Amino acid sequence: MPAESLEVRRLSAGYGPTVVLEDVSFSVPAGARLSILGRNGMGKTTLLSSLMGLTRRYGGEILLGGRDVAGLKSCDRALRGLGLVPQTRDIFRSLTVEENLIAGLKDRPRSALEEAYEMFPRLRERRRNLGWQLSGGEQQMLSTARTILGRPSVLLLDEPLEGLAPVICEELMAAFVRLASGGEMTILLVEQRIESALDFADSVLILERGRIVWQGTSEALRSDERLVEQYIGVGTVH
Amino acid sequence: MQTVFSIAIDAFAYGMALFIICIGLSLTMGLMRVVNLAHGAFAMIAGYIASYAQRELGAGYAAALLLAILGTVAVSIPLERFLYRRIYGSPQLTQVLMTIGITFCVIGITNFFFGPTLKTIALPASLSTPVDLGFRAVAGHRLFVMACGLVVAAGLWFLIERTAFGIRLRATVDNAGMADALGVRTQAVYAVSFAIAMGLAALGGVVGAEFLPIEPYYALRYMVTFLVVVSVGGAGSIPGALLACLVLGAIDTTGRYLMPDFGNFFFYAAVIAIVCVFPRGFLGRAQ
Amino acid sequence: ADTVKVGIIGPFSGPFALQGKNFQAGVEAYMALNGKSVKGHEVEVIYRDLPAANPQQSRALAQELIVKDKVQYLGGVYFTPDAMAITPLLAQANTPLVIFNAATSAIMTQSPLVVRTSFTTAQTTTPLGKIAIERGIRKVITAVSDYGPGIDAEVAFKKAFEAAGGQVVESVRMPLSTNDFSPIMQRIRDSKADAVFAFLPSGPTTLGFVKAYNETGLKQAGIKFLAPGDLTQESDLPALGDGALGLLTTFHYAVSHDSPENKRFVEAASKAIGGAEQLSFPAVGAYDGMHVIYKMIEATDGKQDAKKAVDAVKGMAWTSPRGPVSIDPETRHVTENIYLREVAKDANGRLYNKEIQTFPNQKDPGLATQ
Amino acid sequence: MQPSSPSFASSPAASSEGRSRVRGHAASPRLAGTRAGSSLVRDAAGVAAIAAIGAAGYWLFPDNLALLTRVIAVALLALSLDLVVGYCGVATLGHATLFGAGAYAAGMACLRGVTEPMTLVLIGAAAGAAAGLVMGAVMLRAHGLAQLVLSIAIVQLAHEAANKASAFTGGSDGLAGFSPSPLFGTFAFDLWGRTAYLFGLALLVGVFVVLKFVVASPFGMLCRGIKEDPVRIRAMGAFVFPVLLKMFVISGAVAGTGGALAALSTQVVGLDSVSFELSANALVMLVLGGLGSLYGALVGTVVFMGFEHTVSAVNPFHWMTMVGALLIAVVLVAPGGLGGLAGRLRAAVRGAGGGRGRP
Amino acid sequence: MSDLFRVEGLSKSFGGLAVSRNVDLAMGAGERLALIGPNGAGKTTFVNLVTGQIRPSAGRVILGGEDVTGLGAVRRVRKGLVRTFQVTRLFSDMTPEEHVTLTVLRREGRAARILGRFRGDPAVSGEVEGILGTLGLLEVARRKVREIAYGQQRLLEIAIALALRPKVLLLDEPAAGVPSSETPRIEQALGHLPPSLAVLMIEHDMDLVFRFAKRVVVLAAGEIIFEGLPAQVAANEKVREAYLGNYAHARRVA
Ligand SMILES: Nc1ncnc2c1ncn2[C@@H]1O[C@H](COP(=O)(O)OP(=O)(O)OP(=O)(O)O)[C@@H](O)[C@H]1O
Ligand SMILES: Nc1ncnc2c1ncn2[C@@H]1O[C@H](COP(=O)(O)OP(=O)(O)OP(=O)(O)O)[C@@H](O)[C@H]1O
Ligand SMILES: [Mg+2]
Ligand SMILES: [Mg+2]
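Protein chains in written order, with my numbering: chain A, 147 to 384; chain B, 82 to 368; chain C, 6 to 375; chain D, 10 to 368; chain E, 3 to 256.
Here chain A stands alone, though its shape is the one from the complex:
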């Protein structure tokens, strides 16, 4: 599937009775790269999960390539082209690496697994191992590879670099950029390291307490020290 645009209108969502996201609106053109920033617990993960349909939605629309998917179940959203790499990785612990990948294949043939193994040679070595046996970083690779194998048109990445060795981080970020600029995917990235996030994205969105408090280009943010300080900069430590 080629990249598609994503537009979110007045989305409110949360868990059970707790509202976390309020009135979130933004849009990402097809093939664009968006970074989502914000301090701990501000709702970044909640936002991505809501797009995927894994949280409770109280209102709002999610337009994928112009069509509202907010009423769909998450598997239908996935089949329409949304793909999520969750922060908690959510490896299928009792499945082998290869089976994990197959679960993400959707309808593609098994030969497509090669793509994943090329991206992460480490996974090829461990492909008969069960999910729970993998090291933290290997789980992260598996989670990312599994989602990418499904060829999503909009890829949602929740801290995909966590626990990865620097050398792999670099390669991976480069791969993400390639996927986006090749017109294969639109990418939304949540990333704690501001440098990496800004390097990666065209535009940036900052969340605070479940609301968007700033939207703009990476350059704008980079040039505004005060902004960074205010929203994501080093917090005061008691």
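Calculated directly from the structure, the hints in this document are not laboratory data. Quick caveat, the model's predicted, so the values are computed rather than measured. Worth double-checking, as some hints may not be accurate.
What the hints assert, rightly or not - SDA-like cross-link-like pairs, simulated, lysine to any residue; straight-line CA separation at most 25 Å:
| # | chain 1 | residue 1 | chain 2 | residue 2 |
| --- | --- | --- | --- | --- |
| 1 | D | Lys255 | E | Leu73 |
| 2 | E | Lys146 | A | Gly162 |
| 3 | C | Lys224 | B | Gln268 |
What the hints assert, rightly or not - A few chain E residues that don't get close to chain A, going by computed Cβ distances all over 10 Å:
| # | residue |
| --- | --- |
| 4 | Ala20 |
| 5 | Asp26 |
| 6 | Asp69 |
| 7 | Leu73 |
| 8 | Arg80 |
| 9 | Arg109 |
| 10 | Pro124 |
| 11 | Glu129 |
| 12 | Val147 |
| 13 | Gly179 |
| 14 | His206 |
| 15 | Arg217 |
What the hints assert, rightly or not - Ranges between beta-carbon positions, derived for each pair:
| # | chain 1 | residue 1 | chain 2 | residue 2 | range |
| --- | --- | --- | --- | --- | --- |
| 16 | A | Glu354 | D | Gly315 | 48 to 54 Å |
| 17 | B | Trp238 | C | Ala37 | 56 to 62 Å |
| 18 | C | Arg355 | B | Ala235 | 39 to 45 Å |
Glycine is no exception: its CB is placed at the ideal position from the N, C-alpha and C atoms.
With the hints as your guide, set chains B, C, D and E with the ligands onto chain A.
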């Protein structure tokens, strides 16, 4: 020597009968992670359907078996849709509560409609005549049960371990939310698996009726046996279930031959010993 | 004209629901045939369900019936421990208990206010000892379920059989939860006995046992099958099928018993239970139990006086559907005929227990020895 | 707001739902020390409520005291089960072993001349504790399903042993013929069962108070931790096995008390008191009421047994269907058990009060 | 020897995969060491071996001169060998306050007491408050762990470890998932540690590693391929190839 052979044959037949009744439960418990205590209730429903079909509709054994499987699956579909779907992924004890409730209901209802008497499923001549094995005669249906058990074991193992459906099923159980997010139609996967499990329960109920006769209390009477066998095998493992059934069948049979007075001690002491050595059951899926 | 209430405790649901239904059928049949009132006192029956042996629950139910529902008579009770739990209440409650089934001899010694209209396992089993010898059986292996009644049966048979000159070569006690009996059959074969004496609770276990007896070829090998009549109770016969043909049992009652009293009873009871095929021995215990209770009501004129009621039925004799019976004035247990029966096919191809020999006026040997 | 937006209109009602907002949650930066006090007050109120309801039962159902006594005995079993299942996460379908140990010990002691009720209860508790020690030592070797199977095997073995040892236990005919002497020399265990009920109620309240202290102690919290993640507990430097074993012993004492009460009040001990059925029933009652609060055990027992008694009196032949329907309904309406339902309702009421009116 | 903590010839393999090959490592009191290496190099396994979660096939673990290889995980913790988990292991139904209180009580040997209440000891709650405050967790101290953000859960992992007052602390990726704005909290918490405490930190965040560590050990495929000062690491060709790549900051340090 002849006695040893004879006991071995009995043990094997009993083990396979257990297997064919329990394997559906191993599927629900190990793979779908639903402690379906109502498994026996579905086997019992199948038994009633088969017996009814024979008596009232004059169906033959094969037709009755087929009707029983279809009928049981048909009964299970709405139950899956409206009840079981609510407890996938719930804590095990909640599942216990719900499935015991279902068992009670099924028992009450069958008692009401079919009365409390034993129900029999007449075997065709080909299965009821003893087959001479040289050193002794074995009832034909025992051989039939063995064959059925082996076929089911092989088929199911292939389905679960080798097909994409099997992988999707296991992924769904492992983490339904994530499987959903990867585009797996988890509800359909669950529904189909449940139907398969219930079909197996039905098959086991009818084919195993010569060992565990059909009556309204069936569902509760054998619940413990089913639970023990499945867990000793390691829930969700087909070879494990097969192994457990054969081992426990053998222990039970020899125990009852050698020391009938202490048959139960034998059986449960063996269970304790096995579980202490294999805390996950013989071939339990590692966590 | 007051209403006299009778509380009946029995297994109306659960694994023994069939036996409980037979209680109900017996009671209803009696009331249908003899009216719902005695001397102008309306008789009202209250049923309480006790699905399995559970003395605590039994006591709670009895207490509620006595204290809350104000019953003047207690009846029913399928299992021995349940009866044991009720007996301590009777004197204080001034209430007699008429047992329709629970078949252990010792219950009668617990309270002078207990009367029993069923049988004891020893009573139905003892004649088998002589019968076996008469039929040329010298060596027997016993196989009984490992619980109270089974052990009673084993002891009673062994005593009677050895007294008659036979030899019990081996005694096997099988756990109640046995599902597959083929190893037991192998053992029976290995024992080289002429016959097997068996006792199991009616229902699926019996079915499994008889099936295994046929399938493993013991029948063809000529090993005889002796048992008390619980094993071939009429409601199980269709399930046992042709494999049951020729089994020899002794019992106090067969549904096929040929007498006008029994015809009337079977007709009424079948109507109450909803089909003759479900009818079995607990029904007749209940039927006669109601007869005793009616007599008690008559004797006390509807007043609550347990001692007077029980005294009134001591020595009472009547013709039951099972044949002539009486209440032994000393033990308060029923004295009755025991019949030897063989499973046979009737004109319609249905299996039934055919009575072929009568042992008249049998008391409970179990109590006699105590 | 955009009332025209279709997805907005179809989404769950945005205003009426009771829910709190993240922002409203900002706790005070310092931890206030009032919590311990308030939970003590809450527990005292709970105990008072139990005693009051028990007394009310005495006045309202004076004719059903034997049943109510039975409820209390089973409630003690459910309480003891809650200790291991609800607080330690050890699933067991064999807890009647401990109940039966208490019942048989009390019955046998009584038959051999120890007839003082308090002493008999203590004997029952001690026997239950001893059985708990053995059972715990075996069961705690395994986890999950295997553990469940061990518990089943143990109760079946105990059942079989009780059946075999008929010289001591009376086998399947039951242990009968013993009679405890009157309580404090004056109150006899009679037909009306007043003594038995009030004695049982006193025991229940006493046990409940003790257990509330147990679960509120550091030990209780440690057990909760083990329930959630034993690996974590080990990494904190605490041993898991002895802690769980300790809880098993306590639980055994409670179950044994229940068994002794049952034996005293019925004066018969049957094989059913060491059966799988009783164990499973107790578990069903506990889950019905809700795990891990002790109150749930009581609520579940009363509701289940009360319901069962009522429907089986109304229709002795087909009441099982109704009980089944009750269980299903509870799972659908209150998956966390009836006790949890009460909590949820309370939270919903409070939430609705505080969370209404989005800015 | 004056080493507080020493590992000799530690080896372990899973099936055919050797994840620890004859690893030797020593730490003195007060040492601040970073253990880095590619994914799957065996760092977490090393911690598991050292703390006794899994048994080594060969080698010894020595703490304060005493061989603890034969001891179980629990006894090692009691002797002061404490770890955090890479993937958080917390009690989802309990609050951070309860976590830390339980830990403190455990440390004082009071956790298995049936007599006495869990809350209410002012000395304990004061300490708990202090620890939670250091890590900025007071705000969520009374919310169930399942409801707090992942990053906060990571901080709670560290809080628990600190509450145990360890002698040797093994931190498995303490900063993973913690935003860069919050890492100072961790650093600060680590900075407040008693100076005698030896800390080994596994981390992929090189900024943190270089700020924190006085010595760096690089593990690759179960073997130590480098050991030295932070300044030397980035200069090492092998390390660069296996692990660092063109890590910008590393170049800056170098
Ligand atoms: N399951 C849940 N139930 C209730 N509240 C939750 C749940 N999960 C998260 N929250 C709350 O929602 C808010 C946002 O959490 P979220 O995980 O989206 O934050 P985040 O920005 O991804 O943080 P981090 O950087 O730590 O990953 C937090 O205040 C958290 O306490
Ligand atoms: N129980 C196990 N069975 C089989 N292989 C295992 C097991 N545990 C770990 N492994 C393998 O051992 C290797 C080392 O794992 P470890 O978790 O120690 O890596 P790590 O250095 O911590 O990596 P990361 O930086 O990604 O966390 C991995 O390749 C992993 O797949
Ligand atoms: Mg997040
Ligand atoms: Mg690691």
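Hint check:
no. : hint                             : in the structure
1   : Lys255/D to Leu73/E              : 23 Å, holds
2   : Lys146/E to Gly162/A             : 14 Å, holds
3   : Lys224/C to Gln268/B             : 54 Å, violated
4   : Ala20                            : 13 Å, holds
5   : Asp26                            : 22 Å, holds
6   : Asp69                            : 28 Å, holds
7   : Leu73                            : 25 Å, holds
8   : Arg80                            : 27 Å, holds
9   : Arg109                           : 24 Å, holds
10  : Pro124                           : 21 Å, holds
11  : Glu129                           : 16 Å, holds
12  : Val147                           : 13 Å, holds
13  : Gly179                           : 5 Å, violated
14  : His206                           : 6 Å, violated
15  : Arg217                           : 19 Å, holds
16  : Glu354/A to Gly315/D: 48 to 54 Å : 53 Å, holds
17  : Trp238/B to Ala37/C: 56 to 62 Å  : 60 Å, holds
18  : Arg355/C to Ala235/B: 39 to 45 Å : 43 Å, holds
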